[in-house]
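Listed in order, the protein sequences are those of chains F and V. Taking the numbering used here, I'd label the letters of the first sequence as residues 1 to 117. Taking the numbering used here, I'd label the letters of the second sequence as residues 1001 to 1114.
These are computed hints drawn from the structure, not numbers from a lab. Be careful, since some hints might not be right.
Below 30 Å or equal to it, Euclidean Cα-Cα: the simulated DSS-like pairs (lysine-lysine) are [said to hold, decoys possible]: (1) F/Lys68 <-> V/Lys1057; (2) V/Lys1022 <-> F/Lys52; (3) F/Lys68 <-> F/Lys52.
Note that the structure is predicted; figures quoted are calculated from it, not measured.
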Amino acid sequence: GNSVTQMEGPVTLSEEAFLTINCTYTATGYPSLFWYVQYPGEGLQLLLKATKADDKGSNKGFEATYRKETTSFHLEKGSVQVSDSAVYFCALSEGNAGGTSYGKLTFGQGTILTVHP
Amino acid sequence: AAGVIQSPRHLIKEKRETATLKCYPIPRHDTVYWYQQGPGQDPQFLISFYEKMQSDKGSIPDRFSAQQFSDYHSELNMSSLELGDSALYFCASSSLRGPNTEAFFGQGTRLTVV
């Protein structure tokens, strides 16, 4: 079956520090990969996605590259802000296989990020 | 822009009671997904519906049932509630049409079973 493994947290950084959250996956087919962010008391928001190997997803200064050879989709940001404090989930979907869309997701454990001023 | 609406936002029930959670997808979205997120856990897929038919099933207990109605809203019915059912329940919607078919999540319903 499919699975997603994220680096364990929590991660605590100072403002303007460089962020990396590692994510690796196991899938039987050719999944699409996502990063979702969950702010306190809120739902899950899509941060970025990549649907095929070597695609780079980017949004709000965050980026991640779909690496098929290492089955990875690590999240990076060059300079974090206090407002980036949240829980980050890496996820995969078989997506558009047999007509399904990207909504059936397998999530990683989540990584809590805290950014201090 | 309209988002996925879930109601209620919070619900407290006693053991062995029944709960009904509602989800209103983004307009013109044809697919609804339900997820359960336990405390400190990642969301787990429960069930999905496409065009009012069940399209996929995950780790949904037999005590739970769900359906999607003609207006595309969905309801998750949970019976014989147990303490372990306390969790955040998310609904997400998506569409098979158009270039972007990713899922958009609601803010969730926090169910507490006492």
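Against the structure, the hints:
no.	hint	result
1	F/Lys68 <-> V/Lys1057	28 Å, holds
2	V/Lys1022 <-> F/Lys52	34 Å, violated
3	F/Lys68 <-> F/Lys52	8 Å, holds
The structure fails to meet hint 2 from the earlier list, while all remaining hints are met.
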